[in-house]
Amino acid sequence: MPGAIHAEGLVKTFGDVRALDGVDLDVPEGTVLGLLGPNGAGKTTTVRVLTTLLRPDSGRAVVAGIDVLKQPQEVRRSIGLSGQFAAVDEYLTGRENLQMVARLYQMSARDAKRRATELLERFNLADAADRTAKTYSGGMRRRLDLAAALVVSPPVMFMDEPTTGLDPRNRQALWEVIEELVAGGTTLLLTTQYLEEADRLAHDIAVVDHGRVIARGTSDELKARIGGERIEVVVHERGDIRTAEEVLRGLGRGAVAVEEHTRRLTVPVVGGAKLLAEAIRELDARGVELDDVGLRRPTLDDVFISLTGHAAQDAEEAGAGPDGDGRGTGSAAKAAGRKENAK
Amino acid sequence: MSTTTGSTSTTRAPRSGGGIGQSLTDSLTIAKRNLLRMMRIPEMVIFGLIQPVMFVVLFSYVFGGSISIPGAGVDAAAYREFLMAGIFAQTVTFATAGAGAGIAEDMHKGLVDRFRSLPMARGAVLTGRTLADLVQTALTLVVLAVVAAIVGWRAHEGVLKALAGFCLLLLLGYAFTWIGALIGLSVRTPEAATSGGLIWLFPLTFISIAFVPSENMPSFLQHVAEWNPFSATVLAARELFGNLPPGYQAPDAWPMQNPVLASLLWSVLIIAVFRTLAVRKYRSAA
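Protein chains in written order, with the numbering used here: chain A, 1 to 343; chain B, 1 to 286.
Hints were generated in silico from the structure; no laboratory data involved.
Fair warning: this is a prediction, and the values are worked out from it, not measured in the lab.
Built from N, CA and C at the ideal position, the CB exists for glycine as well.
Possibly wrong hints are sitting among the right ones.
Claimed, not checked - Distance windows between CB atoms, simulated: (1) P168(A) <-> M54(B): 22 to 32 Å; (2) E191(B) <-> G138(A): 16 to 26 Å; (3) M54(B) <-> D130(A): 32 to 42 Å; (4) L139(B) <-> D16(A): 33 to 43 Å; (5) L49(B) <-> R55(A): 40 to 50 Å; (6) A285(B) <-> S58(A): 32 to 42 Å; (7) S58(A) <-> S23(B): 27 to 37 Å; (8) L24(B) <-> D127(A): 49 to 59 Å.
Working from the sequences, and respecting the hints, build out all of it.
Dropping the structure here:
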């Protein structure tokens with residue numbers, strides 16, 4: 001039996017760009033699928049097809065048991081969407097925004113009023129309820145946007161990069177809200193550029209690149225494929241690179257990556273902290289002076305290098321068409337977020 | 001209402017009757033939202049007023065003494081009477097830019113995506129916007145009529161005909177907001193929608209009988225001016241306001257001989273065509 005979200009062979013082209021090149025997905029009821037990939041990979045396009053905003057060129061999709069292409073209006077009654085940008089009217093108050101959305105979900109005026117008050121309480125916006133959204137902080141706007149997506153407690157939710165551009169504290173708060181939601185039985189499809197986010201929230205992860213799902217599995221399965229942790233070393237003298245390479249080769253599991261010009265060496269390891277200490281001792285014993293040394297956890301870039309042979313950044317440049325096109329305000333924040341995540 | 005997913009804590013939106021009733025309530029919900037916005041950005045309404053008031057004053061006092069109108073010759077007072085319907089009509093068509101910019105902004109900010117993912121009536125986002133613009137246009141027209149009265153303009157044919165004249169003007173303005181809606185959906189930024197909504201209005205409103213009589217134009221422009229939907233409404237309003245000089249002879253073109261009917265037909269045609277195009281564009285907006 002197909003899951004709460006089921007898609008087969010979704011294809012969508014924009015001019016020459018194949019934004020979706022045969023996407024298959026299946027999200028069992030009550031679970032969370034994290035769609036992971038860089039800008040332009042096709043994440044947003046997938047969400048737009050599944051939420052009836054965009055008709056695919058071919059393929060089929062079923063959401064909450066309803067055919068997306070044949071009965072879009074029925075699908076809309078059963079889904080909530082929270083997009084990349086807080087889609088709230090900044091000149092309306094928080095309460096007015098929610099009441100408007102509730103009315104458009106065809107609730108009666110009285111129910112809309114009651115529901116708006118409930119949601120404002122739940123999302124910790126009660127104090128700001130009667131201020132225009134213009135005066136809200138970024139985190140508050142996101143919460144209001146999410147509240148708007150939850151006006152009917154839909155059985156299936158879509159969140160497109162819900163925490164992009166948020167500071168860590170607000171991100172944490174939003175994660176808690178999402179977890180609560182899933183505990184209540186909602187099926188969720190979440191797109192993200194952050195492995196950490198997918199790791200925390202998603203039961204299953206699908207990695208998307210160039211409009212295709214190139215890998216899927218639980219976060220542990222994916223991490224195992226990426227190779228888990230790495231030791232990264234920057235030597236002070238160029239002349240020490242070979243010595244350091246030799247030391248790392250002895251400790252790591254796999255090839256040592258060497259960047260000559262930055263004097264940076266990286267090697268996948270198993271058993272993190274202990275090996276790091278060992279590496280430092282050994283390098284010290286051999287008289288190798290270090291500028292920097294540390295344990296790196298897998299990042300989105302690592303997933304991409306390991307799965308596709310190219311970095312996420314390249315994919316972004318190659319496919320920077322349909323997803324981010326004309327709505328570039330998010331990309332600076334995304335780039336910043338990715339950098340932060342890579343640390 | 002519990003769902004087929006078997007979970008008790010989630011609910012689907014209530015099923016609505018659909019059809020006209022839902023279209024109407026959804027449109028009103030959106031219109032209310034846009035009116036609230038307008039109330040909270042009063043500077044937009046105020047700037048929308050300055051331009052026509054300036055035109056009233058400039059045309060009345062700068063050009064008034066030197067433009068000859070059929071039936072009255074060069075007569076500043078007669079020109080002021082003659083002019084006002086033209087300025088009223090130009091003002092209502094400028095609502096095009098506001099509608100376009102508003103819808104482009106909703107697209108840009110992702111609000112249109114939200115609306116399109118909701119189980120609401122298809123044309124309601126656009127209808128609601130155009131209705132809100134209609135309210136704003138009506139208010140602008142009231143202020144402008146007061147200013148016009150101050151500089152000496154009067155309606156001479158009674159209240160009913162005067163109201164009919166204003167209704168035709170508002171209908172034209174409403175029709176033009178649908179052109180604005182289509183422009184707003186077709187461009188990428190609110191700024192482009194504003195300029196894209198305004199540029200063509202200048203030739204449209206000037207190649208008409210609004211400010212100068214068509215008799216003095218080259219013959220090609222004369223035809224354009226006389227068949228211009230804008231001219232039909234201006235002449236209809238002049239007739240209904242009793243602002244035509246006693247010896248005025250309307251040009252021979254059909255819309256000029258039947259301006260009230262022509263104005264109605266043009267406005268209805270514009271609404272039918274541009275509403276269809278705009279709603280189609282909205283539904284496929286990517």
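- Output the numbers, in ascending order, of every earlier hint that fails for this structure. 1, 4, 6, 8
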